[in-house]
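**Student:** So the chains spell out like this:
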Amino acid sequence: MSVTDWMGSAQYRDVPQPAIVITPLPTVEFPAVYAAELGYVWSTLRRLGVQERDLDDLCHDVFVIVFRNLAVYDARRPIRPWLFGIAFRVASDYRRSARHRREVAGTTREVVCPAPPADEVMLQRERQRLVLRALETLELDRRAVFVMHDIDGHVMPDIAVALGVPLNTAYSRLRLARADFAEAVRRAQGGQR
Amino acid sequence: MSDEEHLTPELQALLTAEREAPGPDAGAHDRVARKLASTLGVTLAAAGASTAATSGAQTVLPKALVGKSLAAKLMVAAIVGGVGAGGVAATVALMHRHARQAAPQAPAVAPPMPSVPPAPMPPVPAVATAPANVPSLAAVAPGSTAPSSGDARASTPHHAAHHAAAATAAKTAATKTSAAKAHDDLEVERALLADARNAMQMSDAPRALAILDDHARRFAGGQLAEERDALRVAALWLSGDHEGARRHADEFARRHPDSLFLPSVKRAVAE
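Sequence order for the protein chains is R and H. In terms of the numbering used here, the first sequence opens at residue 1 and continues consecutively. In terms of the numbering used here, the second sequence opens at residue 1 and continues consecutively.
By construction, these hints were calculated from the structure, which means they are not laboratory data. Where a beta carbon is used, it is the ideal one built from N, C-alpha and C, also for glycine. Any given hint could turn out to be false.
[Said to hold, decoys possible] Here are the computed distance ranges between Cβ atoms for each label pair:
| # | chain 1 | residue 1 | chain 2 | residue 2 | range |
| --- | --- | --- | --- | --- | --- |
| 1 | H | 202 | R | 183 | 47 to 55 angstroms |
| 2 | R | 124 | H | 257 | 44 to 52 angstroms |
| 3 | H | 39 | R | 122 | 50 to 58 angstroms |
| 4 | R | 51 | H | 203 | 46 to 54 angstroms |
| 5 | H | 240 | R | 186 | 58 to 66 angstroms |
| 6 | R | 52 | H | 217 | 43 to 51 angstroms |
| 7 | R | 167 | H | 242 | 24 to 32 angstroms |
| 8 | R | 186 | H | 257 | 37 to 45 angstroms |
| 9 | R | 187 | H | 255 | 42 to 50 angstroms |
| 10 | H | 206 | R | 169 | 37 to 45 angstroms |
[Claimed, not checked] One-sided and incomplete, this derived list gives chain H residues near chain R with beta-carbon spacing under 10 angstroms:
| # | residue |
| --- | --- |
| 11 | 6 |
| 12 | 9 |
| 13 | 13 |
| 14 | 14 |
| 15 | 15 |
| 16 | 16 |
| 17 | 19 |
| 18 | 22 |
| 19 | 194 |
| 20 | 210 |
| 21 | 227 |
| 22 | 260 |
| 23 | 263 |
[To be verified] Sample of chain R residues with no beta-carbon within 12 angstroms of chain H, all distances over it, derived:
| # | residue |
| --- | --- |
| 24 | 41 |
| 25 | 95 |
| 26 | 96 |
| 27 | 141 |
One chain only, chain R, in its complex shape (with noise of 0.2 angstroms):
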């Protein structure tokens, strides 16, 4: 198998990573990729579960990953999903933290009812609320496939990719997130569905 080949049939399993070859590297510049994705990564965590407080950090965090790694990323691959797959690598460590996982643990799973919204922004509000803590009771696995895939709208093949695991995985992963999801919407609204 040449290299060629093995740069054009790829099948990536197990971690978030760049290619290591091919990539017109003159146009990849750190700056613009900071300017363009601090908000898609600061989102990101945000919906993996990193508190407020600490987002300014974790965000550091990884565009310290991105800067080192940028010199051997595959530019002619979408990358918000390698994004994803070094934001999903620092938000694990981060809950596996004992800090963090007692505050987790402490504070996203209750579910509560929102209140009747008074307008349309708010509602808006309760609404993104209600997302997030429905996300918090997800497993982080299966939360990163749904917000990869139902929320950002990457394909399967590159949420696979990103991950590092299989596609059947990955579609199991997504199933399983939906079911939770709806089961803790469906609490969070007093189990009236």
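Keeping the supplied structure of chain R fixed, place chain H upon it in accordance with the hints.
**Tutor:** Okay, now just chain H, sitting in the frame of chain R:
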């Protein structure tokens, strides 16, 4: 898998609301940029300019280019962040450096890969030495400041104050030099690995290996040593030295068991 059938319209409405959730506050870009400057030694855009660049990029890029190549995104980002903000203020110092380093090989904003034949590669020695001669445009150390004129010792006689200021300046300069060197080294490392990858793209394994050897000589314990070792496996395989590639792959797995590149390294030596 028909994915959408599992999401009710109400759930989809919830997710739509989340997609429209506000991003980071206006100061987040600069706060994180300052942290990155401290960690990496990169000089990102100033507050006002960066805000303009960020907001522009975030409102234009995702809608226009989600799912497209990064090269395409960066073309827009460069326009939004650099030209759109006045051509100077929002332009990042690091981008100047990259542009200068990349100039002999490719335009600062390259067209999409498939439509552009690879540019002729310069000889290895030129690649190895060129980045070191680049003027240090972004070599301002993070956190470095001008000598303080408000210090209490400023009221001492002029020559003493001058001496103290000079000492402070020397210390600051040393800090700058250290941080700038680390940053410059990283830039050179990145340039070398980019050249190695370009050589591989052109199926020029000997040249790629020569560049990787050069990197190993100059940056044995470099910040991108892991990436270099991963590239070497692929370059060896490309050269036909499959046994050597496997040997280096095994060594890579032993030295970097948690590497992001390990799966790619394994695949590189898979028959």
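**Student:** State the violated hints by number, sorted upward, taking the hints as numbered earlier in the document.
**Tutor:** Checked against the structure, the hints that fail are numbers 3, 12, 20 and 24, while the rest are satisfied.
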